[in-house]
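S.K.: Positions 7 to 135 (my numbering) are the ones given, in order, by the sequence shown.
Take every hint as true, because none was put in to throw you off.
Restricting the straight-line Cα-Cα distance to at most 27 Å, the calculated cross-link-like pairs of lysine-lysine (DSS-like) are: (1) K94 / K106; (2) K131 / K117; (3) K130 / K102; (4) K54 / K68; (5) K130 / K106; (6) K117 / K133; (7) K131 / K102; (8) K94 / K117; (9) K102 / K117; (10) K106 / K117; (11) K47 / K68; (12) K80 / K94; (13) K117 / K130; (14) K106 / K133; (15) K102 / K87; (16) K68 / K80; (17) K106 / K131; (18) K87 / K73; (19) K133 / K102.
Think of the hints as simulated: they come from the structure by calculation, not from any bench. This structure is a prediction, so every number in the text was calculated from the model and none was measured.
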Amino acid sequence: MNYKWITFKFYISICLICGVFMAYCSNCGRELPEDALFCPKCGTKTVKGLENNVPGPSDELKAAFVKMGQELEKAFSVASKEINAAFKTASENMQKSIHKDQVACPSCGEKNPNNAVFCYNCGKKIKSE
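Given the sequences, and given the hints that come with them, work out the whole structure.
M.R.: Structure follows, in structure tokens:
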């Protein structure tokens with residue numbers, strides 16, 4: 007059969023013999039079912055989808071990503087505060103430990119940790135083992 011088609015700007019073709027409408031995706035060119043709201047190949051919203059103001063998958067994904075980003079921001083904020091508190095506690099405990107048990111070098115008088123064998127300042131032996 008020899009069909010004659012008129013194609014419009016919106017990727018809709020009409021058969022001049024039988025009057026059948028054929029819709030095509032404006033993005034990828036795939037033939038679309040008459041009642042399609044989205045292209046089954048690429049997901050682009052069809053004219054019918056636009057007319058019915060149907061939210062697209064991209065709209066739903068965007069909302070989901072925004073919500074996920076907000077939740078991550080909250081989680082990172084809480085984690086950051088907890089990490090900072092843990093570092094502060096660890097630093098304070100380390101400072102207490104360092105200053106609590108110090109031994110003076112018999113040669114230069116420099117204070118060294120209690121478990122030091124050699125002086126950090128002059129390198130002389132602090133204790134005999």
